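Take the sequences, apply the hints, and build the full model.
Below are the chains, spelled out letter by letter.
Protein chains: 4
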Amino acid sequence: MSRLPVVVLGATGMVGQRIVQRLAGHPSLRVAAVAASERSIGRPYAEACTWRLAGAPFGEAADLPVLPCDPGAMPAGARTALSALDAGPARDIEGAFRGAGWAVVSNASAWRSDPLVPLVVPEVNPDHLGLTGQQPGPGYIVTNPNCCAVPLSLVLAPLHRRFGVEAVVASTWQAVSGAGYPGESAWDMVGNVHPHSASEERKLQTEPCKILGEPGRPAAIPISARCVRVPVADGHLVSAQIRLGGGPAPEEVVRALASWAPGIPAIPSSPRPLFHFARHRDRPSPRFDADNGDGMAVTVGNVEACPVMGVKLFCLAHNTVRGAAGAAIANVELLQALDLLP
Amino acid sequence: MSRLPVVVLGATGMVGQRIVQRLAGHPSLRVAAVAASERSIGRPYAEACTWRLAGAPFGEAADLPVLPCDPGAMPAGARTALSALDAGPARDIEGAFRGAGWAVVSNASAWRSDPLVPLVVPEVNPDHLGLTGQQPGPGYIVTNPNCCAVPLSLVLAPLHRRFGVEAVVASTWQAVSGAGYPGESAWDMVGNVHPHSASEERKLQTEPCKILGEPGRPAAIPISARCVRVPVADGHLVSAQIRLGGGPAPEEVVRALASWAPGIPAIPSSPRPLFHFARHRDRPSPRFDADNGDGMAVTVGNVEACPVMGVKLFCLAHNTVRGAAGAAIANVELLQALDLLP
Amino acid sequence: MSRLPVVVLGATGMVGQRIVQRLAGHPSLRVAAVAASERSIGRPYAEACTWRLAGAPFGEAADLPVLPCDPGAMPAGARTALSALDAGPARDIEGAFRGAGWAVVSNASAWRSDPLVPLVVPEVNPDHLGLTGQQPGPGYIVTNPNCCAVPLSLVLAPLHRRFGVEAVVASTWQAVSGAGYPGESAWDMVGNVHPHSASEERKLQTEPCKILGEPGRPAAIPISARCVRVPVADGHLVSAQIRLGGGPAPEEVVRALASWAPGIPAIPSSPRPLFHFARHRDRPSPRFDADNGDGMAVTVGNVEACPVMGVKLFCLAHNTVRGAAGAAIANVELLQALDLLP
Amino acid sequence: MSRLPVVVLGATGMVGQRIVQRLAGHPSLRVAAVAASERSIGRPYAEACTWRLAGAPFGEAADLPVLPCDPGAMPAGARTALSALDAGPARDIEGAFRGAGWAVVSNASAWRSDPLVPLVVPEVNPDHLGLTGQQPGPGYIVTNPNCCAVPLSLVLAPLHRRFGVEAVVASTWQAVSGAGYPGESAWDMVGNVHPHSASEERKLQTEPCKILGEPGRPAAIPISARCVRVPVADGHLVSAQIRLGGGPAPEEVVRALASWAPGIPAIPSSPRPLFHFARHRDRPSPRFDADNGDGMAVTVGNVEACPVMGVKLFCLAHNTVRGAAGAAIANVELLQALDLLP
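Residue numbers (my numbering), protein chains in the order written: chain A, 1 to 342; chain B, 1001 to 1342; chain C, 2001 to 2342; chain D, 3001 to 3342.
Bear in mind the hints are in silico, worked out from the structure with no lab data behind them.
Quick caveat: nothing in here was measured; it's all calculated off a predicted structure.
It cannot be assumed that every hint is accurate.
Pair by pair, the computed Cβ-Cβ distance ranges are [what the hints assert, rightly or not]:
no., chain 1, residue 1, chain 2, residue 2, range
1, D, Ile3041, A, Ser113, 31 to 39 Å
2, D, Ala3261, C, Pro2273, 52 to 60 Å
3, C, Pro2273, A, Pro307, 55 to 63 Å
4, C, Arg2030, D, Ala3249, 50 to 58 Å
5, C, Pro2268, A, Leu338, 40 to 48 Å
6, A, Glu214, C, Arg2272, 50 to 58 Å
Just a sample of chain A residues kept apart from chain D, beta carbon distances all over 12 Å, derived [as the list claims (entries may be wrong)]:
no., residue
7, Ser37
8, Gly99
9, Ser109
10, Gly245
Heads up, incomplete: computed chain D residues facing chain C, CB under 10 Å, no partners named [what the hints assert, rightly or not]:
no., residue
11, Ile3041
12, Trp3051
13, Thr3172
14, Ala3175
15, Val3190
16, Val3193
17, Ser3197
18, Arg3243
19, Gly3246
20, Ala3278
21, Phe3314
Ideal Cβ placement from N, Cα and C applies to all residues, glycine included.
This is the structure:
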């Protein structure tokens, strides 16, 4: 089978590098072009990139020249873009690709809150892709959520279906890769942690509602988030105290998670099992668990009774894989499986 | 004025070292003896101790011989003990000192939940010291709380008086010094975080209730705690989502904290101001704020509206100072100021 | 082809876990039994082990009962042991297995300096395996070097052959996994580094000489080592200032490394290429480079002129893979390829 | 006694903040003005600064308006500037202040290698200040060395006087604060180390020679340096293998250091003792020893025989205090004591 050509926008940044790396040898997708900002244009990807990931560098893109982020500059035949752009430039560039008839699958936050743009976790709300008839033009944008909103939504989804989620208090221990590169200053993070921005907390308070709701009608779940950066390379740990309809016991919550079967076609980036359950009380722990399921699983632990909200648990996912690069790739895979790509 | 002789039990451990260091040059207390476990006995303190703190080592105790933890071995004239023992040996040893008529001011958890033993934060519940007529014998034990329960209780106290605290969801980012020495394995903590034990969460769920309640009658406040160890040397960051009577705005909460005047005599280890308020949203942050008020202040930040509980905030304190060594010293100072020492 | 049964001694520790993990799916070796100390005996490996590595746990040994470290307790058919024992127990236990006719391939330091026991890096001194006719008995012990001595010896070997190594000054930045588990205290390592023990420096000063010399006649190369522990999980960085015969230019040194072809049969754990050359001046760097070549490559960087010794360079290897578990496995593979196993 | 007014150039950066903080309450110097780059000008220092140090913020400068780095904008009466500028702008700005008749005491590297500009460690080469009759103009520039060159020069000085230093191999474990703020990326430093730039190694290879030589005639000591950044907040650890005339034993080296009395007037920032000697083999260690002597002492450890160079030792100093802010202040103090300030 031939692999569908895709282009990567913002390919030289940390999430862009992860996308390129993970698409090397992908069964159904192939990087046909890489695009980035002004100063990289025209140079071979291997030179333009300061590669900052462990593992084989540059994927299959080492010799590709970096192109401008312009639909007119893209190779003929490609009509699908994975975007790892920063929120700032993403708004215009992704809009331009959509206007030119492209499917844009974006990791940026620029379009996430637009009611016409679906915010999709493949296993949770594939039906939201129906929204993809966006105005104007034949193209569309699909986004994936904030890196903490992904594992939280994945954990809440089975519970919302089974019991109804009434309210959530969430706290995070977030890895530095979430800030991109250079991102966080080492001076701030050596032997230190610090509260994250208000906008990060806002995303975690609103995005799960959009994902768990009906298309165009977010679920009305009050979520209170406290987000803190910690000196971890990769892997966001999230704690959630959850009020559920009927006040189920922790064991029922575990059962609801363990037995959940997402109703989607098999796609390479959705692992089986989706949830790993930690065997020890001091887990999940990012350095040990972030790579579970090739970085796409969610590891759950310490599901226990909570005297305030009913039940509490920890969940953990790799923030630049399940929470960014892998999330975008999974969305493309799902669109491809559903035959929704242009 | 002559300085009251005190002895330090468990003097060679991390909290014991902090007590000895902080009592160097103390205006009204003087280390008359240091006691520790079998293998240190008879050696000069400076040799018995592997000193693991920055700053001048050994306080005024460098040449003191390490004594056994036995009231019969203590120098004549001393009747007050500060205990930094582990919970295991603390139960019997502290009980023996009490039985021999000593005032034992303990950092251990062994006696904290005993209804006859007061659990005291000087600025919050000095009235609990009335409990000190303990059976059996003329001696007594006074304990200070768990290192996270201290800042949480200090922040909740003014709010409980002013509004009534109805429920709390707390999360922690706890420094490794809380585990003593050697404590946490570096393998577990390099670029990593992990959930803490259930007993730590239990302490944080129960101790503030005892502190905020009447003597013998803990306050009935549901508290849900999630405790996580992070690779920070000193300083526990605590987030709290709080449901308060009347649902005050964040500004009213700040005012209640800023205007609070604890009703205790001036003691050296209770700083003025007690609360520092962070000027930036990425604070409080342990490496920058743990030493505020010589390690005895609580730094508060990001007091904001919470869609689930009403108000949310961060607070931070130095866990082995305000949360351990300094807490015990402050309790001795208060007992001395109230003329309650034997 | 059937896989040769081997047993792992000290299987529950950090290096033992790595051996078990890396032998899962090995083409020619199979874990037939796991052995450990008293408190684990009789329990299934998956229960006896607190698994502390990322990746799938327990290899193929999850259900194997832990056996005592006694040749009489081993399953019939196995005659090859990989030992990850601590130096203390290793001396007697490895001696007993040897006495019982086993091939013992050991990561411990207990027997490394015994003149009758070869200290082998497969690519460097396979000829030392001729020593394996050890007294007493038909069995033998083969050891692999200290975790820093491995990359240093690998880098020095081609240079010694080509130019003659006259003297070396080496410094290290060593990961905490080198201390085993729990090993280093997190209190000592959070935002901190500290000098290593004198015995570590001694190993790095003597082991390369034994490896680079003739069997029984160590090379007479003065080596000065300064070893420092740093808060890194895996991967030892080593710097070496080297005095070489003829004073070659840095480019000649690079060429000697790049063109070196070890004269050994192809074995699964010896990667091609053996040396990776860093592309940027701030590399090699452990988090990015330790896993090169599946943890068995050595990454070299910044080969430059040195005003004191002639040439200086950095080299880096994964300390518990190339420097421990993988080193032992590679030695077994080489013995198997040379038909030297019992 | 009235305190001499001084101005701080580059006052909002990490070293500038340290200078301002350490001058609070200084016995003979007073911050009369703070100057910084364009975007801060006109704002009160407390607002212009994102304060990034533990301890009381803003020194005595909280309300001072930030001025441009222009001698014409400075308050009347001040003629001494402490410069914490980056090397780039330092060249022109410091030159302009010198041209306007100021004494400029600089931490920047811009002028360090100029043969007419002295590079001074107060305890080592106060006689170099004789150079201060610089052309053109009546003003002058005095610089302090690179943050690693300071402790190395301090340790080499007594040895050079006593034995003659013939060659040095130095390695470093350098804290992130040496890179300023934001400086190093946390992504590069979480659980990681990496080689430093070639220019850093060059400074460490040349600056001690200028300091230990005669004015205008650097000492001809070959120094080989390998510099590595480690995830430590403050405190550079340096190892040195040293070839000394006559090949003294380690004990003689210790004696030469311990008995050394720098021939300078007492100044507040030169601690007594200057050298601390570590009591344990795993010291000096930055988190425990960087603050010795209020950040101005050098801690020495593990002075031992070296099979290649003769003797080896570790030394450690606080890089932004003894290696930067405190170094500049000490130079001003010495100039003041010698009555060399304008």
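Hints, verified against the model:
Our hint of 31 to 39 Å for D:Ile3041 and A:Ser113 holds, since their Cβ atoms are close to 38 Å apart. At about 56 Å, the CB distance of D:Ala3261 to C:Pro2273 agrees with the hint of 52 to 60 Å. Range check, C:Pro2273 to A:Pro307: about 59 Å between beta-carbon atoms, so the 55 to 63 Å window is met. Evaluation of the 50 to 58 Å hint for C:Arg2030 and D:Ala3249 yields a pass: the beta carbon distance comes to about 55 Å.
Between C:Pro2268 and A:Leu338 the Cβ separation comes to about 42 Å, which falls inside the hinted range of 40 to 48 Å. For A:Glu214 paired with C:Arg2272, a C-beta distance near 55 Å keeps the hint of 50 to 58 Å intact. For A:Ser37, the requirement that its beta carbon stay farther than 12 Å from each beta carbon of chain D is met, with the minimum near 18 Å. Against the 12 Å criterion, A:Gly99 stays outside the reach of chain D, whose nearest CB is about 34 Å from its own CB.
Under the 12 Å C-beta cut-off, the non-interface status given to A:Ser109 relative to chain D holds; the minimum distance is some 20 Å. No Cβ of chain D approaches the Cβ of A:Gly245 within 12 Å, the least distance being about 40 Å, so the stated non-interface status holds. With a cut of 10 Å, the hint placing D:Ile3041 at the interface with chain C is violated, because the nearest CB-to-CB distance is about 34 Å. At about 19 Å, the closest approach between the beta carbon of D:Trp3051 and any beta carbon in chain C exceeds 10 Å, and the interface hint on this residue is violated.
Evaluation of the D:Thr3172 hint against chain C yields a held restraint, the C-beta minimum of about 9 Å falling below 10 Å. Residue-level restraint check for D:Ala3175 holds (minimum Cβ-Cβ distance to chain C is 9 Å; threshold 10 Å). With a least beta-carbon distance of about 8 Å to chain C, the hint placing D:Val3190 at the interface is held under the 10 Å criterion. Annotation: interface hint on D:Val3193 holds; nearest CB of chain C at approximately 5 Å, less than 10 Å.
With its C-beta approaching chain C no nearer than about 7 Å, D:Ser3197 sits inside the 10 Å limit, and its interface hint holds. For D:Arg3243, the interface hint holds, the least distance from its beta-carbon to any beta-carbon of chain C being 8 Å, beneath 10 Å. Residue-level restraint check for D:Gly3246 is violated (minimum Cβ-Cβ distance to chain C is 19 Å; threshold 10 Å). For D:Ala3278, the shortest C-beta to C-beta distance to chain C is roughly 8 Å, which falls under 10 Å, so the interface hint holds.
Interface restraint check for D:Phe3314: the shortest CB-CB distance to chain C comes to about 6 Å, inside 10 Å, so the restraint holds.
In summary, the structure is inconsistent with hints 11, 12, 19 from the numbered list given earlier, while agreeing with the others.
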